[in-house]
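Student: If you want the building blocks of each chain, they are given just below.
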Amino acid sequence: MRERDGLSRRTFLKATATLGTGAALAHLGLGCSGSAHDIVVAKGTSPERNCLAAVEALGGFSRFVQAGDVVVVKPNPVGNRPPEEAIHTHPAMVAAVVRGCLQAGAGEVRVISHDGRRGMVVNGTAAAVDEAGGTLKALSNHDEFRDVVVPRGKILRTEGIAVDLLEADVFINMPIVKHHAGAEVTLAMKNLMGINWDRIRFHQTDLQQCIAELAGAVRHDLIIMDANHILLTNGPVGPGEVLKGNQVIAGVDPVAVDAFAMRFFERPPESIGHIRIAHELGIGEIDLAKLRIHEFQA
Amino acid sequence: MPMRLTAVLWVPVVLAAWLAAAGAPAQAQDVFAGATTAIMNGDHELAIREYETFLADHPDHRLSPVAAMAAGNVYQLVLKDPERALAAFERVLSDYRETAWAPEAARRKGECLQAQEAWEPAGEAYLEAIELAGQPAASPGFGGEGEQTSAAWINEVSLSAADCFYEIGDRERVIGTYEKVLAGALPAEAAGTTLYRLADCYETAGELQQAAERYADLIENYPFANEFGSALAKRELIEPQRKLDWATYDAFARMMQARQQRDFPTIIQAADEVLAGDGSEAARTGAAYNKLLAETIQEGDFTDGIRRLREFEGRNPAAREIPGAQRTMDYLTRVADAEARVRRSPEDADAVRALGRLYLQTQIPHKAIQTLEHAAELDPESPETQLNLGYAYASGGRNADATAAFERYLEDRPDDTGALNIIGYTYLNQGEPDKAIVYFERYAKLAPDDANAHDSLGEGYLRAGRLEDAAREYETAIELDNSFSNSYFMVAGIYRQLEQPDMAAAAYRRLIELTPGGVQAEQARAALAELEAE
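Protein sequences, first through last, are from chains B and V.
In this note's numbering, each number is its position in the first sequence, counted from 1, plus 5.
In this note's numbering, each number is its position in the second sequence, counted from 1, plus 11.
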């Protein structure tokens, strides 16, 4: 996996120390993360337009994708209901991201999930990905996963992670905002359950802790969260109360993005175990006051 | 010095201050991101260097113990270097002893020592882990179902400690380990398990009085423990030593079994027996709580039920410690809130339907049916109500009413593949596979790429005795989705009937690979063994 922006922020800080203040100030003007914002929120009635506008506000696909890159996209693929029931990531968004990455020069865009093809075929994601030029890959064999140490793990020690993701140049997580009976909510970090082989163990031990620990074993390049329709109750498969959020949230910090999305549930981010633990593990920022949030009409 | 030059010289100072103030936390996150990337790329030495540099630069940062643990984990789990792993975990124990990482660091230290067969220090490290976990400031630090995990954690660590002392033949310390664990403030679940192990240890050594006392303690004080039933089975051993009201505890066990089966009348009856008997306070509290819960669900008045349960918890704080009590309370509150909404707006069809759905989820079919029938009266045009009503009838065993409701729904939504699937299965439950096949075929025609459609159609054919057709559909499902475990299981059974053992064995093997821990996998293993024996 390539380092973000081809140069990690830490490397940047080290580099500026030797280059002198002029270079540092010039870079600071651009913002360390390549965007003036930590979280962007594009609002409107078109999921696709919201999605594209959000990525654009973060610097566009070309900020994240370079020529020839292999991009792995992980939507929430569950369910065979219409997108308005808010069970799975809107197929139009997934297609837009596939197209955006290819236009930015990606060599290949793979949409992966451990959940089998069925959900994505029935809900239209498979056709949308195919039409956009991407490849759908349902992970179903153990040899498609490779054990990786979970460095910040208390419960998890090593975890089988999709080889596609480990070997990808860019990883884009595309969750939807949903209530979840087990995890309370399913947002960006919960959506990672599907890039790993053994999910049953998560439920048998401590789901909240495991979700956070898994998030510390994977580097996000971009998170594009579908909040166009939000399932507030009876998740993750519904049917339940649906809120028309009419927005897409994007960022690079999974904790920050998840913390922001808790506004729809009218609950503080700290009240969700995995968000709080992930912050404690240094995976990201939970305090929205410390984040630069840009909300706009797409 | 000219003013302009002074200003220029101030810039690096201001920038350095800004970086120091704002940069450190961001840097921490970047270090971890960089290390994670390195690990994903297989460069573990680079990851270690990232952690070590951060620790050297920021020894007092809130994430420093995380970095130290992470380094230890990489040494232990990937680089297989117990010496350096040990040093990393010892650093956590010395420099960050007051943090939530200390108990786990001590446990990992024990593992490193155990790997070197240093049994005694390993056992002591495990004991240190348990001791640290018992300190409020440094609990194991799990964030979700913490109590449950802490119990599992303590069980595992105490067992590791006991194993180490057992290795060196130090039975006293094995017992001492369990006694020490029990002396701490343990979650009920861990206490039950530890007591059982301790009793077993005494029993194995022939110290029957000690064993009987521990088994009896378990029965009296931890009736919700998983080992309660096993302890009850030690009646012959316990009876000469301790007088227990066995009928009461047998009733308690019956109540717990009924709880698993959602047999509410039996729960209430057994709870009454416990309450009338001469059992312990823990058993009486547990019985009273379960009786209230069962009455609430059986009567279906959650508003009154939640009031009574809260009052009970107020009078008996120990009831909050009953496993799953808080989650149950949260769920019942949701239902009570939905009931309140319907009371406020009795003509609101959406509210009535939502309540009906909650009754359906709570598996109270009669209330679900009654409520959803009312919702259908309020809004006869609502297809969603008909769909939910269909599910409610089906769960109440009224299959004919269920299929009628699903039919009404399908009149409005003829292409809903989910409804086609459920009506098909309802016909199968009625023993009418030919009618089921009609709907499954519609489903498969609408969604030819949906593996489940072919899986369902396969089941329809199978129940109609059309084995070859069924096998073809299951194979189609597998072709569409090679992870569709049910199809492997079903087609394997068909191949056995068709006397094609190799095909059957291959399908069973794939199923076991896909869902090694599943119920079907268990049956598949048994079937494979039979096939190999044939």
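Misleading hints may appear alongside valid ones.
[Unchecked claim] Pairs of lysine to aspartate or glutamate, EDC-like flavour, derived with a Cα cap of 20 Å:
| id | chain 1 | residue 1 | chain 2 | residue 2 |
| --- | --- | --- | --- | --- |
| 1 | B | K48 | B | E61 |
| 2 | B | K249 | V | E395 |
| 3 | B | K142 | V | E422 |
| 4 | V | K456 | V | D412 |
| 5 | B | K142 | V | E524 |
| 6 | B | K249 | V | D423 |
| 7 | V | K91 | V | D106 |
| 8 | V | K91 | B | D152 |
| 9 | V | K456 | V | E510 |
| 10 | B | K142 | V | E490 |
Rather than coming from a laboratory, the hints here were simulated on the basis of the structure.
Student: Checked against the structure, which of the hints given earlier come out wrong?
Tutor: 3, 4, 6, 7 and 9
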